[in-house]
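Using the sequences provided together with the hints, build the complete structure.
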Amino acid sequence: MADMADINGAQDKIKVGVSSCLLGQEVRYDGGHKQLALLTKELARYFEYVPTCPEMGAGLGVPRPPMHLAGDPAAPRALKVGDHSTDYTDQVQNYAQERIPALQDLCGYIFIKNSPSCGFFRVKVYMDNGYPGPIPGRGIFAAALTKAMPLLPVEEDGRLHDPVLRENFITRVFAMKAWRELCAQGLTAAGLIDLHSRYKYTLMAHAPQEYGALGQLLAAAGKHDPNELGPRYFAGMMQALQLKATRKTNTNVLMHLQGYLKKQLQAQEKSSLGKVIEQYRSGLIPLIVPVTLLKHYFQVFPDPYIERQAYLQPYPDELSLRNAL
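Counting in the working numbering, the final residue of the sequence shown is number 328, and the numbers go up one at a time with none missing.
Hints are all accurate, no fakes.
The calculated lysine to aspartate or glutamate pairs, modelled on DMTMM-like cross-linking and capped at a C-alpha distance of 20 Å, are: (1) K203 <-> D306; (2) K180 <-> E51; (3) K150 <-> D108; (4) K18 <-> E101; (5) K251 <-> E213; (6) K16 <-> E321; (7) K83 <-> D33.
Have a look at the derived ranges for each label pair, beta carbon to beta carbon: (8) D93 <-> M152: 15 to 25 Å; (9) D93 <-> Y308: 52 to 62 Å; (10) P54 <-> N326: 25 to 35 Å.
The set of hints was computed from the structure by calculation and includes no laboratory data.
Predicted model only: the values in this text are computed from it and were never measured.
Virtual Cβ for every residue (Gly too), placed ideally from N, Cα, C.
Written as structure tokens, this is what we have:
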């Protein structure tokens with residue numbers, strides 16, 4: 004399968020931004036780091052990291068007084084812990100505006116949790132009484148970056164330990180890579196339709212209804228300016244892929260793929276494949292088992308359309324992401 008081989012044999016790594024401390028760089032306020040082995044070992048084979056420490060970039064140095072978020076959760080300030088008269092917000096925001104233009108070619112970003120500069124999900128925002136408020140916020144740099152690049156796949160280090168979230172993030176990173184390659188070639192109606200076709204079953208697994216809506220958006224692609232239609236389509240695609248695939252939706256896709264083999268397989272093979280899909284649906288086996296069996300049959304009985312499906316090979320096999328799904 005040509006596209007699948009390209010993924011496994013690709014030499015060019017995918018550019019992914021990352022909080023510098025997650026790579027082992029000693030840039031935290033106390034001079035330490037938060038190295039994450041998943042990044043430095045497993046994913047480093049496929050990702051070219053672009054590290055950033057906005058607090059260091061803002062000139063705050065190491066070591067430095069700790070800061071936390073305070074004030075309005077929708078627009079918090081980064082203040083010195085124990086002395087709210089010292090405000091680092093503008094320094095970090097100014098650095099973000101300087102740094103973000105150099106990050107436009109990224110295909111993803113991995114933030115560090117709880118950071119007042121780099122935290123993305125549920126960062127504590129403190130009230131005047133010194134206690135965290137009920138509404139969380141977002142780190143100053145993380146908020147600026149995601150506002151400037153709203154479609155960029157992002158995650159936090161802690162959440163990457165969840166197999167479902169990890170697989171979802173990496174699927175989106177590779178989808179972003181496909182989009183950037185398409186844009187580099189020049190957007191055309193044919194190119195957009197091809198992208199949609201390749202991601203048909205991936206989208207069906209994540210968001211069946213959204214898949215239909217995206218197809219309708221491209222129904223008259225030849226009548227629209229692809230440079231206007233393309234970004235609208237891709238925004239919808241990335242929003243759909245943010246939704247988590249489930250055993251139910253994956254089973255639906257597996258059964259669709261099984262249908263392409265109904266004339267090729269013998270009765271016993273059909274029965275065995277159906278049993279494996281049912282075992283996956285019931286939670287007895289991981290997704291990798293029916294997917295591997297389907298890939299085997301499609302190698303024996305090649306189908307040009309299935310060869311191009313990202314669902315069967317959304318990322319390199321070596322990542323073993325579907326072993327835990």
